[in-house]
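*Asks:* Each chain, written out:
There are 2 protein chains.
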Amino acid sequence: MKRIAILVSICLSATPVFSQTKKDITANEVIDRIKGNLGVPWKTPTVDTFKAGDPNAKVTGIATTMMATLDVLQRAAAKGDNLIITHEPTWYDHQDTTDQLPMKDDDPVVKEKRAFIEKNHLIIWRFHDHWHRNTRDGILDGQVHAMGWEKYQDPSNSHLFTIPEKTVGQIADELQKKLGIAVMRVVGDRKMKVTRVALSPGATGFRLESGALEIPGVQLLISGESREWETVEYVADAAAQGRQKALIMLSHVPSEQFGMDECAKWLRTFVTEVPVDFIPTKDPFAPETFPSHK
Amino acid sequence: MKRIAILVSICLSATPVFSQTKKDITANEVIDRIKGNLGVPWKTPTVDTFKAGDPNAKVTGIATTMMATLDVLQRAAAKGDNLIITHEPTWYDHQDTTDQLPMKDDDPVVKEKRAFIEKNHLIIWRFHDHWHRNTRDGILDGQVHAMGWEKYQDPSNSHLFTIPEKTVGQIADELQKKLGIAVMRVVGDRKMKVTRVALSPGATGFRLESGALEIPGVQLLISGESREWETVEYVADAAAQGRQKALIMLSHVPSEQFGMDECAKWLRTFVTEVPVDFIPTKDPFAPETFPSHK
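First to last, the sequence lines map onto chains S and F.
What the first sequence shows, in the numbering used here, is residues 1 to 294, in sequence order.
What the second sequence shows, in the numbering used here, is residues 1001 to 1294, in sequence order.
Hints listed in this document are in silico derivations from the structure and should not be mistaken for laboratory results.
The beta carbon of each residue, even a glycine, is placed where N, CA and C say it ideally should be.
One or more of the hints may lead you astray.
[As the list claims (entries may be wrong)] Distance windows between CB atoms, simulated:
1) F:D1032 x S:P216: 57 to 63 Å
2) F:R1033 x S:D129: 49 to 55 Å
3) F:E1165 x S:K111: 24 to 30 Å
[To be verified] Capping the alpha-carbon separation at 35 Å, the derived lysine-lysine pairs in DSBU-like fashion look like this:
4) S:K119 x F:K1193
5) S:K104 x F:K1151
6) S:K43 x F:K1104
7) F:K1177 x S:K193
8) S:K191 x F:K1104
9) S:K79 x F:K1193
10) S:K119 x S:K265
11) F:K1193 x S:K178
12) S:K111 x F:K1191
13) F:K1177 x S:K178
14) S:K193 x F:K1151
15) S:K111 x F:K1193
16) F:K1166 x F:K1265
17) S:K51 x S:K177
18) F:K1166 x F:K1177
19) S:K177 x F:K1178
20) F:K1119 x S:K193
21) S:K166 x F:K1191
22) F:K1166 x S:K111
23) S:K178 x F:K1151
24) S:K151 x F:K1104
25) S:K104 x S:K58
26) F:K1119 x S:K191
27) F:K1177 x S:K191
28) F:K1193 x F:K1177
29) F:K1166 x S:K104
30) F:K1191 x S:K119
31) F:K1166 x F:K1193
Throw the hints in and build the complete structure from the sequences for me.
*Replies:* Have a look at this one:
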């Protein structure tokens, strides 16, 4: 009883002390601190800009995420996080304009998402280019860590790995389980044994993906989202030629997601005023992402 | 015995008669005849051009296909077809240049494919833009026929359908079976009941896809290949808002494949000198496409 009383007393006194040392910080100040902590200079033009909200508003909490879907924003708001740092777009477009939508800003999905952002005083900032091009690519590091592949990574090229021999099918199954992926797509011979792998998360395009596949000895490329008339056809042809080449497409979200967990960990080392949460973006192809809403 | 003898005699006499009436036709002449039989004027610039081979060479047989993969070329050559009419690229790029590949024309996969084409005197011509923009979109018509959805098609908009009520999941399962698709991807509530569907085969992009989804009453978009940070995120948000919107992605090849069967049927109505075959492109995500090659 006495010990409980002491504990309660410590807890009660601890709370005000924390509040007293806690200082206000604005979204702009958080971003300035990010720029100051990066190992590379800030480079414009960049998509790493504010996408919604008031940059001068006080931050109550930070949520890092792969993609600022409405579901992520809802979960961030419920946690009390008002600054969302997202790797991928908010407005369904790399430049985050609504120009591609025929109804543009009057599109009902856009309008309702914007209304939710405004009602909850959310601030959205994108962290794409510079998180990739930091001294170490933060997205790649987070993914490699989630895969448990650090020990296989090439010292001279962080996108290349020499793994213990496994078949393409085994690697696909293991990664699907480990990264929690709903739908995997594999091109090539699933029974092919592989030791040399290139990892290219996200949607890096055929130029980079074919560059990885052209490296002699690389047997397997793991990508996020590749075009079916480019990389997919190329690997299909390579496999038809009997070459030791295969492709695993993880889907975009789970291929980069863990890089934003890495980002949250990094932010916590220099933003201490407010909590920093990593909010995973749900896999859009998982049935449980969209339960029956009648 | 007598009847068999007569039959044999007819068959023997039929062959030379066929050969005698058969006239030579060059690839260029086939393409000119295609241009003359289209219901729309020829418009340049277009990707509908020769991609390999000699346009003045004599055609021994025509193979229409969705994508001129090496596997398709091998099957065409084995049939004696030397003119391949493909809907999608040969060289892994919409413009069919090898500029995206770091090694360009020296890429080993490109070189070996080109060597196969040359050795077998194949001629490759792309039929993309004008087959889509013909009086009726030939790709769409072929797909709708394969799906058995002609009776549900809107008279005023051939991309819209009013189907008997089914859930998104039921539609996905039925199409997967009917079109022989290895990997289907669904975004949204699979239990949602649907009657109003938009069909946008291939990779038409977010502008057209969001336009279809903005149409009031359209509950389901069926596409081939959509970008995960564009259409996929948009539908995820719409579903999270409780809207009656869902997306089924069929994959690119099976979403347009049957339009090239339609093309073969159309060609046979005005090219009678040589056989016209439809050679299905194998689904790159089906394990049986790439049996173990040791």
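*Asks:* So, for every hint listed, does it hold in this structure?
*Replies:* Going through the hints against the structure:
1. F:D1032 x S:P216: 57 to 63 Å: violated, 45 Å
2. F:R1033 x S:D129: 49 to 55 Å: At 51 Å between Cβs, range holds.
3. F:E1165 x S:K111: 24 to 30 Å: Between F:E1165 and S:K111, where Cβ atoms are some 29 Å apart, the hint holds.
4. S:K119 x F:K1193: Within the cut-off at roughly 31 Å; holds.
5. S:K104 x F:K1151: At roughly 33 Å apart (the allowed maximum being 35 Å), F:K1151 and S:K104 satisfy the hint.
6. S:K43 x F:K1104: The hint holds at about 30 Å.
7. F:K1177 x S:K193: holds, 31 Å
8. S:K191 x F:K1104: holds, 29 Å
9. S:K79 x F:K1193: OK: S:K79 and F:K1193 at ~33 Å, within 35 Å.
10. S:K119 x S:K265: With a Cα-Cα distance of about 28 Å, the restraint between S:K119 and S:K265 holds, given a limit of 35 Å.
11. F:K1193 x S:K178: holds, 33 Å
12. S:K111 x F:K1191: Holds, at roughly 26 Å.
13. F:K1177 x S:K178: Holds. F:K1177 to S:K178 sits at ~29 Å (cutoff 35 Å).
14. S:K193 x F:K1151: violated, 49 Å
15. S:K111 x F:K1193: holds, 25 Å
16. F:K1166 x F:K1265: holds, 32 Å
17. S:K51 x S:K177: holds, 33 Å
18. F:K1166 x F:K1177: holds, 16 Å
19. S:K177 x F:K1178: holds, 29 Å
20. F:K1119 x S:K193: holds, 31 Å
21. S:K166 x F:K1191: Roughly 38 Å separates the two Cα atoms, so the pair is violated.
22. F:K1166 x S:K111: holds, 29 Å
23. S:K178 x F:K1151: violated, 45 Å
24. S:K151 x F:K1104: Status holds; Cα separation ~33 Å.
25. S:K104 x S:K58: holds, 30 Å
26. F:K1119 x S:K191: holds, 31 Å
27. F:K1177 x S:K191: holds, 25 Å
28. F:K1193 x F:K1177: holds, 20 Å
29. F:K1166 x S:K104: Holds: F:K1166 and S:K104 sit about 31 Å apart, inside 35 Å.
30. F:K1191 x S:K119: holds, 31 Å
31. F:K1166 x F:K1193: With a Cα-Cα distance of about 5 Å, the restraint between F:K1166 and F:K1193 holds, given a limit of 35 Å.
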